[in-house]
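**Q** Each chain, letter by letter, is given below.
There are 4 protein chains.
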Amino acid sequence: MPEFREKAETIFSRSTFVGDLGIRLRDAGPGWCESVLEIAPKHMQQDGYVHAGAQATIADHTAGGAAGTLAAEGDLVLTVEYKINFLRPALGERLLCRASVLRQGKTLHVAESEVYAERDGNRKLVAKAMVTLAIVPAASR
Amino acid sequence: MPEFREKAETIFSRSTFVGDLGIRLRDAGPGWCESVLEIAPKHMQQDGYVHAGAQATIADHTAGGAAGTLAAEGDLVLTVEYKINFLRPALGERLLCRASVLRQGKTLHVAESEVYAERDGNRKLVAKAMVTLAIVPAASR
Amino acid sequence: MPEFREKAETIFSRSTFVGDLGIRLRDAGPGWCESVLEIAPKHMQQDGYVHAGAQATIADHTAGGAAGTLAAEGDLVLTVEYKINFLRPALGERLLCRASVLRQGKTLHVAESEVYAERDGNRKLVAKAMVTLAIVPAASR
Amino acid sequence: MPEFREKAETIFSRSTFVGDLGIRLRDAGPGWCESVLEIAPKHMQQDGYVHAGAQATIADHTAGGAAGTLAAEGDLVLTVEYKINFLRPALGERLLCRASVLRQGKTLHVAESEVYAERDGNRKLVAKAMVTLAIVPAASR
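Protein chains in written order, with my numbering: chain W, 3 to 143; chain B, 3 to 143; chain D, 3 to 143; chain V, 3 to 143.
No wet-lab data here; the hints were simulated from the structure. Among the clues, some could well be false.
Heads up, the list lumps identical chains together, so a pair's fine if it works in one copy or across two of them.
[To be verified] No farther apart than 20 Å at their CA atoms in a straight line, the calculated lysine to aspartate or glutamate pairs in the EDC-like style are these: (1) K108 / D77; (2) K44 / D22; (3) K44 / E11; (4) K126 / D22; (5) K126 / E36.
Sequences and hints are given; from them, build the entire structure.
**A** Have a look at this one:
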């Protein structure tokens, strides 16, 4: 579904913060988005696990990608708030994230994101987030 | 209060993720911690504001610093979950964060973090978080 | 400030759920609201403390009252989401809640609520919430 | 699975707050729990929908039931914090809730709850919550 992927790509390519961390888009469709982060030493916290901030950033940004697939051309998608539970230590070669929109509104979307750590081919759910996003129409800016 | 500051410093200096982003400890005392991030292009999202992930990382990590000031030597402080509201666009020269412990328990602490953006000498509250942290005693590991 | 109090009163008097629980408005001003609940056996959970649901309801509804003081005549204030930490067991004669608006927007407000339990004249902070509220203009319905 | 249902039943039958609201257990198994609330006028907020507090109470308490199925005899299950998004207006004859444990730990469980409104035989997801619960062993009290 090239148009949905394209919309998500815009959201990933324009954010230097996310690009600098190494978070990349994998795929996207109507109301969902998947991303990946190859884990490197720079993502670590003091005890050798992936820092909560890196997990939260992939969860939040991928939720933005999922909401972005439903946005009209030129609309901004902004995170209003999110909450995230860290379920297990994040260890492995990469983080994978899948976000999907739970509720599509006129001005607010709600999405949830699941973050998995992949290690030797096994995936474990390491974090889960719920994200509220505002749609700011291009016309109103 | 050198001992509290020292405990917080351990939490800041050992995390490569936080160091790589540029988040630094400012000060700390019993149950509180302050940090700073000089805003650079790498912290931006697609529309020129500081990315939610950078704001959340300083909020979460500074809450960890505040909880860390109350921890015994060798105890680990781990983020169980947090939630964050983004209140205003984060624009300016730097982010300042102050976290304080709302509730100190045997195994769980709860802290709140306020993130301010400083611009031309004015500070605006741009994000607020509540963070639940687990204390993992050195002995149990 | 009679007009602010009146606006908050509308929000309290029209909700049968809140009235049935026994939650009453104490006072309100521009962007803030205070309420009280006299604790009765019907508010308890299985272990003799006030149920999390009663604490959350007073926190959420009082945040709605605080946001309501800023709303135009006829506007609806709806809770989009909230998060709440339960800090200490809620024991005593009454719950007191104070909510204040952290951020006032065109379509979204963010408020925080502190819930205190009063026992023998002493107050303890037992819960804290952050609440996101949508303003639905009368004209749009 | 009678033993799991029995454990959940203890959590429902001992809470006067939940019984008074009319929330009842439907079924439970290892790590999950289902409940129901027949909607009555007393559950309403000012605009004719089910009050957020009633939705949050069923979400939170059913998460407690799900965590309770995994608890040892005599252990207490306490809500540490939760967050809930209200996705659509809750209208209909009844609320149904299903909670399941996402992460089972030694001292902390994390569960998620979905709340559905049933109307003329159709179910709609109206709220979703993530709940962090502490396990307090009988021996430690």
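**Q** Please write out, lowest number first, the hints stated earlier that are contradicted by the structure.
**A** Violated hint: only 4; rest satisfied.
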